[in-house]
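Sequences are here, hints too, so could you generate the full structure?
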Amino acid sequence: NRSPTVQKSDLLRVECVDLELQAKQLDTRRQLDEYDRSREPEVRGKWNKVCGECGYVNHERHRYCESCGCNMVERTVREVDHICPKCRTKVAKHVHECCECGARFWSPIIVTRSPEGECSLGEDEAR
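Numbering (the numbering used here), first residue to last: 10 to 136.
Heads up, none of these hints are tricks.
With a straight-line cut-off of 27 Å between C-alpha atoms, the simulated BS3-like cross-links for lysine-lysine are: (1) 33 with 17; (2) 58 with 95; (3) 58 with 99; (4) 58 with 102; (5) 95 with 55; (6) 102 with 55; (7) 99 with 55.
I should point out that these hints are in silico values taken from the structure, not numbers from a laboratory.
The structure is reproduced here in structure tokens:
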């Protein structure tokens with residue numbers, strides 16, 4: 010019973026393959042993480058661009074309206090703030106509870122700001 014002899018060159022070859030495999034695994038993990046991040050809703054940043062055509066509130070980075078597909082770069086876009094109905098504190102678009110006063114609500118009040126800075130109350134958001 011002779012055991013197979015392992016030479017140093019064989020070990021180096023195995024180590025090299027392991028490093029290549031590890032690099033491929035890291036690259037695959039990075040791609041999967043990037044894909045997962047792309048599938049998450051855009052809750053970071055501001056949801057403050059109102060489409061001039063349909064009135065849908067879009068994320069600040071969107072170039073086209075999510076609702077109607079209208080080009081939001083070429084049109085005049087109004088900005089909005091989302092306000093707690095109880096204490097009038099600015100809140101994020103998708104929250105249903107105020108972090109300031111703790112009030113629970115179905116949707117925040119939408120206040121539209123024109124480019125000149127004047128404010129007008131919008132309707133409650135039902136989306």
